[in-house]
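Undergrad: Produce the entire structure from the sequences given, and follow the hints as far as they go.
Read off the chains here:
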Amino acid sequence: MKRSIQSRRGRLATRLFATAVLGLGVAAMAAGMVAPAVAATTLPKSKIKIALVPGGPNVYFAPWAEAAKAASKVLGVTVSYVVPPTPTFQPSVEMSTVDSLVAKGYNAFAIFPDGEASIVPLYNRLKARGIPIIDLAGCTSDPTPAVLCFGTNVEASAKYQTEVLTRAMGGKGKIGFLTGLLTDANTVLREQGVKAGVAETNGAVELAQIVSNIDSPSAAPPAVESLLASKGSELTGMLATDYYPSVAAASILSKNAQFRHILFIGQDNDPTVMSALLSHAIYGTMLQNPYGQGIVAAHLLYKMLKDGCTVNPNAPFTKMGNTSRFINSGYLFVSQDLAKQYSGTMASIPAVTDKVLGETDKILSCP
Amino acid sequence: MGVSPARLREVLGSQTSALGLVLLIALTWTGFTSIGGSGFLGSFNLYSIVQLAARDAVLGMAQAMLIVVARMNLAVGGIGAVCTSLLGYLLVVAGAPLWVAVVLVGVVGVLAALLMGFTELTTGLSSFIVTLAFLSVYGGAAVLATGGRQFQITSPELQALGNGTLFSPAICPLVAVAVACGVLCWLLYFRNSLGWKMLAVGANERAARASGVHVGGVVLAAYALSGLLCGVATIMNASYELNVNAGFGADWLLPSFIAAVLGGVALTGGDISVAGILLAALFYDSLQSGLTIINVPSYWIELPQGLVLLAAVLIDQARRRRARPLERSRDTEPGTAAVPS
Amino acid sequence: MRRLFGTQWAPLLAATAVAGIVLGLATKQFGTAFNIYTILQTTAIYAAIGLSQMVVLAIADMSLAVGGIAGLVTIAVGGLYGVQHWPIGAAIVAGLALGLVCGLVNGLIIAEMDLSGFIVTLATGTAFTGIAYGVTSAIPYSNIPPVLVSLGQGRASFFSYLLVPAIAMSVAVGAGFRWLPIGRAILAVGGNREAALLAGIPHKRAMLVAHALSGLIAAIAAVMYIGVLESATPATGSEWLIISFAVPIIGGTALVGGDAPAAGCFVAALVLAAINDVLIVLNVNTEAVQMAEGLLIFAAVISGKLAQSVGRASPGRGRPLSSAGSSGP
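Residue numbers (numbering that gives the first Met the number 0), protein chains in the order written: chain W, 0 to 366; chain E, 0 to 340; chain G, 0 to 328.
Rather than coming from a laboratory, the hints here were simulated on the basis of the structure.
Yeah, the Cβ is synthetic: ideal placement off N, Cα and C, and Gly gets one too.
Incorrect hints may appear among the rest.
Beta-carbon label-pair distances, calculated as ranges [to be verified]:
| hint | chain 1 | residue 1 | chain 2 | residue 2 | range |
| --- | --- | --- | --- | --- | --- |
| 1 | G | I87 | W | A195 | 43 to 51 Å |
| 2 | W | Q191 | G | I20 | 35 to 43 Å |
| 3 | G | N282 | W | G202 | 18 to 26 Å |
| 4 | E | G216 | G | K27 | 49 to 57 Å |
TA: Written as structure tokens, this is what we have:
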């Protein structure tokens with residue numbers, strides 16, 4: 000191994016004076032001859048290195064960092080939280096980050112895929128080296144080398160959010176819906192969920208306006224205000240399925256009592272949203288379970304490497320739009336009564352986390 | 000031609016930047032390997048570096064086409080969004096054969112860029128403003144037209160191009176595309192009168208016009224070639240992203256400038272280094288991977304990318320100043336000049 | 000009167016006023032106090048962002064770091080107040096000082112190395128954003144001082160309190176360019192660098208001041224915005240690039256430098272804010288906003304040129320800016 004590195008470096012050096020592109024190409028070819036590390040069926044703890052890779056720097060994933068620390072302590076193996084440096088969730092940057100981690104010796108991954116198909120070739124390369132992958136918080140499309148997908152069922156969550164809202168509205172009225180980028184696959188699923196929830200009222204509740212593409216700090220506040228200005232008097236309900244529109248709507252509804260007749264349900268437990276909820280300026284918010292996502296993923300990956308477990312084809316999977324091996328990480332409606340309990344904490348639904356951990360022997364089949 | 004000594008110096012200058020980059024790559028790669036272990040040079044890691052670098056090199060060339068004529072293309076990503084949407088529509092919705100889709104993407108890339116060129120020439124606005132406005136127009140139009148829809152690329156040829164291997168498990172076939180584009184660019188600039196005219200227009204537009212160069216035509220040709228390369232970059236991008244939408248291209252601006260400027264293309268125009276662009280893209284894309292490997296906390300990795308561009312610009316400027324002390328001394332007036340009353 | 004109609008933004012203001020009146024009559028929601036407040040609040044922010052760009056355009060340079068500086072200042076103020084528990088006044092002063100320093104860094108590199116602002120600020124802007132993300136790990140600070148929230152979301156009927164700093168800043172910048180020696184020096188260097196050099200105007204100092212001022216104004220814009228979202232996130236400023244150019248250009252800032260119409264910036268900010276609002280009021284797809292901004296730049300520049308050619312013949316103003324800020328030796 001040592002000799003091969005030296006010879007490679009030597010070769011690189013001799014090529015410095017040759018044409019640059021060709022020289023580097025040859026170096027790359029030489030490097031390619033290093034044999035890949037093949038994962039054994041069972042590994043000792045010291046060899047297990049698990050990485051949780053989010054889509055990019057985003058507040059949603061912050062609890063994964065805590066989960067990685069907690070799981071590392073409990074399991075006694077390396078569990079790291081590594082963020083690809085791409086605020087816009089570019090798949091190519093994420094792929095390059097994962098490749099670097101493999102080069103560093105990581106041998107199990109839980110990944111939020113920045114593209115549902117873009118990252119599959121990377122997964123294939125990981126699988127060829129015997130590295131298990133769990134899709135976390137977002138799924139790649141079947142057929143995928145990911146052993147399973149563990150995340151929020153965003154469509155079901157949006158539908159449930161809509162149902163809670165329409166019930167609170169007395170089964171009639173008009174709803175405004177604030178959402179994110181159309182190019183995000185989850186936005187489409189959320190919109191389907193909201194539409195399905197509205198459809199259940201048989202026309203008694205109308206989806207009056209959808210304002211999309213506003214999940215950014217600069218777009219959300221003016222868009223929410225414009226919606227309130229134009230439709231504020233006729234709307235009786237409002238939904239947000241994304242972070243920035245939720246924060247903006249919570250902040251604006253807190254300051255403008257004339258729109259309090261509008262029942263608003265936001266997303267996530269940002270402090271601004273929670274303080275609006277505590278002061279009863281908004282009706283509720285939807286909580287997800289990112290902390291539990293990190294914990295469960297690390298545990299499953301650990302068992303696969305440590306004990307040579309594989310995924311049980313008969314595990315309690317749900318069939319989702321793009322994958323047949325989906326497990327819901329949970330969602331929860333946080334009402335005004337529950338607000339205190341979920342303020343100032345990271346997003347976590349321990350009941351769901353414990354339930355899924357309890358089903359580990361159903362999800363995995365171990366030798 | 001009276002400019003031949005300057006041109007000689009520029010050719011020499013671009014070679015030093017390519018050579019400098021080779022040394023820089025050797026140095027940083029050695030550093031990454033000795034700190035982070037041999038994994039950095041493993042086929043697995045190199046594959047993803049060159050896959051990205053190939054696209055970024057072509058983006059750098061698309062940018063360089065206009066920088067050479069003392070202009071710039073802020074709309075590389077806008078054209079990319081239009082081309083990506085078109086490619087997705089043709090392959091997925093219309094079910095067109097691959098070659099038809101590829102040709103049409105190239106044609107539309109050229110047309111989209113030509114429209115900007117015509118706008119610049121007819122309004123007399125700077126290329127900066129024209130391409131900035133078109134970045135908004137094209138990006139917005141692509142999202143509006145497709146409704147943000149995802150297109151799943153299933154063409155086996157494209158998949159083989161973006162995710163196959165060439166000669167070695169460390170090399171993505173996209174490298175061949177980038178090198179081919181590089182060779183064509185080199186032929187254009189160093190073996191073709193159009194390229195020579197582009198360099199002349201970039202070095203001194205008035206002098207070029209005076210010596211009989213049809214400046215408008217040359218500028219339009221530069222726009223067209225820039226658009227064509229954006230089309231090529233789109234196809235390269237789609238071949239490994241596989242699932243594309245109109246949001247693609249939003250991140251292309253920074254790599255396109257980094258590849259061109261780090262590669263030694265003078266922002267003042269009239270200068271090009273094709274090998275420099277290829278090497279700069281390779282360096283830039285190996286940086287992020289290397290920093291991850293040597294345990295730089297991941298939230299901090301964006302910072303060095305900006306610093307590298309800054310360092311490149313400063314070093315390049317220092318080098319140019321040394322090369323042309325007489326021409327520059329004129330601008331550095333004594334700092335004691337009085338404020339006019 | 001003739002002078003008013005000769006300005007580039009006059010046709011735009013007239014068109015907007017007519018459209019606003021028609022809309023106000025057609026849909027009763029457009030003319031409500033809350034809707035006008037919404038537009039004015041956005042106007043104030045856009046005007047501040049545009050001013051930050053305008054002061055460097057005046058010296059025939061540009062800054063792509065406006066958003067990066069804003070992101071960094073946002074988290075500095077949010078962090079110093081929310082985590083370090085500084086008094087709010089001290090946190091704001093520190094934030095503004097940071098913006099000024101960022102601008103000074105840009106100006107120093109550009110002036111001393113004789114580089115174009117484009118490439119330097121592309122690099123430093125990326126670096127500033129990188130620091131903001133590195134420091135916060137992308138987690139926003141949510142403990143926002145109430146005084147900034149009342150500034151950002153406070154109003155008296157339709158009058159957004161944010162207009163106070165925005166108008167004050169426009170007046171100060173306008174006056175500074177008109178009466179202060181350094182303001183006139185910036186315009187002189189921007190208008191004709193060679194002539195300014197020959198006249199002994201310190202172009203390096205002018206460049207330094209223009210960029211420092213741009214950084215300071217970007218910092219003020221960031222402080223103004225913290226209360227609007229009620230969250231201090233490093234992503235603030237990530238979408239300011241196009242607005243920062245659209246506002247001064249639509250407002251009539253000549254890209255060849257030597258011009259600084261602060262009032263024009265304000266009108267342009269109003270127009271862009273109104274378009275943003277109208278698209279939602281009329282329930283048009285919000286994706287159209289992006290496209291509208293691009294098209295409006297052309298519309299404004301072309302209509303401004305027509306108005307100018309009607310108003311007065313102006314030789315020597317139509318010269319296209321060499322994109323890299325230098326036409327070569």
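Undergrad: Taking 35 to 43 Å as the hint, is the beta-carbon distance of Q191 of chain W and I20 of chain G inside that range?
TA: holds (41 Å)
Undergrad: With respect to the beta-carbon atoms only, verify the hint that N282 of chain G and G202 of chain W lie 18 to 26 Å apart.
TA: holds (19 Å)
Undergrad: Does the hinted range 49 to 57 Å hold for G216 of chain E and K27 of chain G at CB?
TA: holds (55 Å)
Undergrad: Quick check on a hinted range of 43 to 51 Å for I87 of chain G and A195 of chain W, using CB atoms only.
TA: holds (46 Å)
Against the hints set out earlier in the document, no violation occurs for any number.
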